[in-house]
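Q: For reference, the chains in residue letters:
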Amino acid sequence: KQEVTQIPAALSVPEGENLVLNCSFTDSAIYNLQWFRQDPGKGLTSLLLIQSSQREQTSGRLNASLDKSSGRSTLYIAASQPGDSATYLCAVRRDTGGFKTIFGAGTRLFVKA
Amino acid sequence: DTAVSQTPKYLVTQMGNDKSIKCEQNLGHDTMYWYKQDSKKFLKIMFSYNNKELIINETVPNRFSPKSPDKAHLNLHINSLELGDSAVYFCASTQSGTVFRPTNEKLFFGSGTQLSVL
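In order, the protein sequence lines correspond to chains Y and F. Take the first sequence: its letters are residues 1 to 113, numbered as in the numbering used here. Take the second sequence: its letters are residues 1001 to 1118, numbered as in the numbering used here.
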């Protein structure tokens, strides 16, 4: 059974700091991994999707890496801004046998001005 | 112009009532989902439909019945609502392809329906 864990559960940093959010999964047979952002009272927005054959994806100040064999992914946020404050969720899609995407519990990020 | 839209946004009802939440996507996706987000903000998959066919049915009480009249719609009907059903319900969609030719598309979410059972 796939389990997704995110560490830390919450993080508070001053503006301008570079930070890393961690995600680990127990079953390495994944098809892809996505990082999402959720603002309070809102839905989820997909930030980056890494296919199982890829090692990383970049979008602006965000960089996500994937190490499938060790069951780990990191989301790197450069030069954090108060507008980055949100909950960041990691999700993995199973490799064949269905279309299930399993989510971690998220990391709540607060960037102080 | 919203990609995944669900209604209503808020739903307050009494225990024992029956209610429905509707979801529509205009992205041409072949797979739609219902997720439940509890008070601890943990997202748990409930159902998935691929081309109107039920693919995933997690351990959800049979008071919850999804219905997909076509690929663009996935509705959720809940009978005999209980206090523990209070949560935010999210609809999502993606283009999954098939087992033999899967695709790598992002998951798109609706803005959620906050259900409060009193």
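Note that these hints are calculated values from the structure, not bench results. Idealized CB from N, CA, C, for every residue including glycine. Among these hints, one or two may not hold up.
As the list claims (entries may be wrong) - List time: in silico EDC-like cross-link candidates among lysine to aspartate or glutamate, alpha-carbon distance up to 20 angstroms:
hint: 1; chain 1: F; residue 1: Lys1009; chain 2: Y; residue 2: Asp27
hint: 2; chain 1: Y; residue 1: Lys100; chain 2: F; residue 2: Glu1082
hint: 3; chain 1: Y; residue 1: Lys100; chain 2: F; residue 2: Glu1053
hint: 4; chain 1: Y; residue 1: Lys100; chain 2: F; residue 2: Glu1058
hint: 5; chain 1: F; residue 1: Lys1036; chain 2: Y; residue 2: Asp39
hint: 6; chain 1: Y; residue 1: Lys42; chain 2: F; residue 2: Glu1024
hint: 7; chain 1: F; residue 1: Lys1044; chain 2: Y; residue 2: Glu17
hint: 8; chain 1: F; residue 1: Lys1106; chain 2: Y; residue 2: Glu17
hint: 9; chain 1: Y; residue 1: Lys42; chain 2: F; residue 2: Glu1053
hint: 10; chain 1: Y; residue 1: Lys1; chain 2: F; residue 2: Glu1024
hint: 11; chain 1: F; residue 1: Lys1036; chain 2: Y; residue 2: Glu3
hint: 12; chain 1: F; residue 1: Lys1044; chain 2: Y; residue 2: Asp27
hint: 13; chain 1: F; residue 1: Lys1040; chain 2: Y; residue 2: Glu3
hint: 14; chain 1: F; residue 1: Lys1106; chain 2: Y; residue 2: Glu15
hint: 15; chain 1: Y; residue 1: Lys100; chain 2: F; residue 2: Glu1105
hint: 16; chain 1: F; residue 1: Lys1041; chain 2: Y; residue 2: Glu3
hint: 17; chain 1: Y; residue 1: Lys100; chain 2: F; residue 2: Asp1038
hint: 18; chain 1: F; residue 1: Lys1044; chain 2: Y; residue 2: Glu3
Said to hold, decoys possible - A few chain F residues facing chain Y, derived, Cβ under 10 angstroms:
hint: 19; residue: Thr1007
hint: 20; residue: Val1060
hint: 21; residue: Phe1090
hint: 22; residue: Asn1104
hint: 23; residue: Ser1111
hint: 24; residue: Gly1112
Q: If a hint holds in the structure, say so; if it does not, say that too.
A: For each hint, the structure was consulted:
Distance hint between lysine 1009 (chain F) and aspartate 27 (chain Y) is unfulfilled; the C-alpha atoms sit about 35 angstroms from each other, more than 20 angstroms. Of the supplied pair hints, the one linking lysine 100 (chain Y) and glutamate 1082 (chain F) is violated, its CA atoms being roughly 26 angstroms apart against a limit of 20 angstroms. Distance hint between lysine 100 (chain Y) and glutamate 1053 (chain F) is fulfilled; the C-alpha atoms sit about 14 angstroms from each other, no more than 20 angstroms. A distance of roughly 10 angstroms separates the Cα atoms of lysine 100 (chain Y) and glutamate 1058 (chain F); the hinted pair therefore holds under the 20 angstroms criterion.
A distance of roughly 16 angstroms separates the Cα atoms of lysine 1036 (chain F) and aspartate 39 (chain Y); the hinted pair therefore holds under the 20 angstroms criterion. The hinted pair formed by lysine 42 (chain Y) and glutamate 1024 (chain F) meets the criterion: a straight-line CA distance of about 17 angstroms does not exceed 20 angstroms. Between lysine 1044 (chain F) and glutamate 17 (chain Y) the CA atoms are separated by roughly 32 angstroms; this puts the pair beyond 20 angstroms, and the hint is violated. Between lysine 1106 (chain F) and glutamate 17 (chain Y) the CA atoms are separated by roughly 28 angstroms; this puts the pair beyond 20 angstroms, and the hint is violated.
Of the supplied pair hints, the one linking lysine 42 (chain Y) and glutamate 1053 (chain F) is violated, its CA atoms being roughly 28 angstroms apart against a limit of 20 angstroms. A hinted pair counts as satisfied when its Cα atoms are at most 20 angstroms apart, and lysine 1 (chain Y) with glutamate 1024 (chain F) does not qualify at roughly 30 angstroms. At most 20 angstroms may separate the alpha-carbon atoms for a hinted pair to count; lysine 1036 (chain F) and glutamate 3 (chain Y) meet this at roughly 17 angstroms. Distance hint between lysine 1044 (chain F) and aspartate 27 (chain Y) is fulfilled; the C-alpha atoms sit about 17 angstroms from each other, no more than 20 angstroms.
In summary, the hint linking lysine 1040 (chain F) to glutamate 3 (chain Y) is supported, as the alpha carbons are separated by about 17 angstroms, within the 20 angstroms threshold. For the suggested pair lysine 1106 (chain F) and glutamate 15 (chain Y), the alpha carbons sit about 29 angstroms apart, so the restraint of at most 20 angstroms is broken. Between lysine 100 (chain Y) and glutamate 1105 (chain F), the direct Cα distance comes to roughly 13 angstroms. Compliance with the 20 angstroms bound is thereby established for this hinted pair. A distance of roughly 16 angstroms separates the Cα atoms of lysine 1041 (chain F) and glutamate 3 (chain Y); the hinted pair therefore holds under the 20 angstroms criterion.
Distance check on the hinted pair: lysine 100 (chain Y) and aspartate 1038 (chain F) sit about 19 angstroms apart at the alpha-carbon level, within 20 angstroms; holds. At roughly 12 angstroms between alpha-carbon atoms, lysine 1044 (chain F) and glutamate 3 (chain Y) fall within 20 angstroms of each other, so this suggested pair holds. Interface hint status for threonine 1007 (chain F): violated, as the beta-carbon distance to the closest one in chain Y is roughly 13 angstroms, over 10 angstroms. Given the 10 angstroms rule on beta carbons, the hint for valine 1060 (chain F) is violated: about 14 angstroms separates it from the nearest Cβ of chain Y.
Nearest Cβ of chain Y to the Cβ of phenylalanine 1090 (chain F): about 6 angstroms, under the 10 angstroms cut. The hint holds. With its C-beta approaching chain Y no nearer than about 5 angstroms, asparagine 1104 (chain F) sits inside the 10 angstroms limit, and its interface hint holds. The beta carbon of serine 1111 (chain F) is positioned within 10 angstroms of a beta carbon in chain Y (closest approach about 4 angstroms), and the interface hint is therefore held. With 10 angstroms as the threshold, the beta carbon of glycine 1112 (chain F) comes within range of chain Y, its nearest partner Cβ sitting at about 5 angstroms, so the hint holds.
Checked against the numbered hints listed earlier, the structure breaks hints 1, 2, 7, 8, 9, 10, 14, 19 and 20; every other hint is satisfied.
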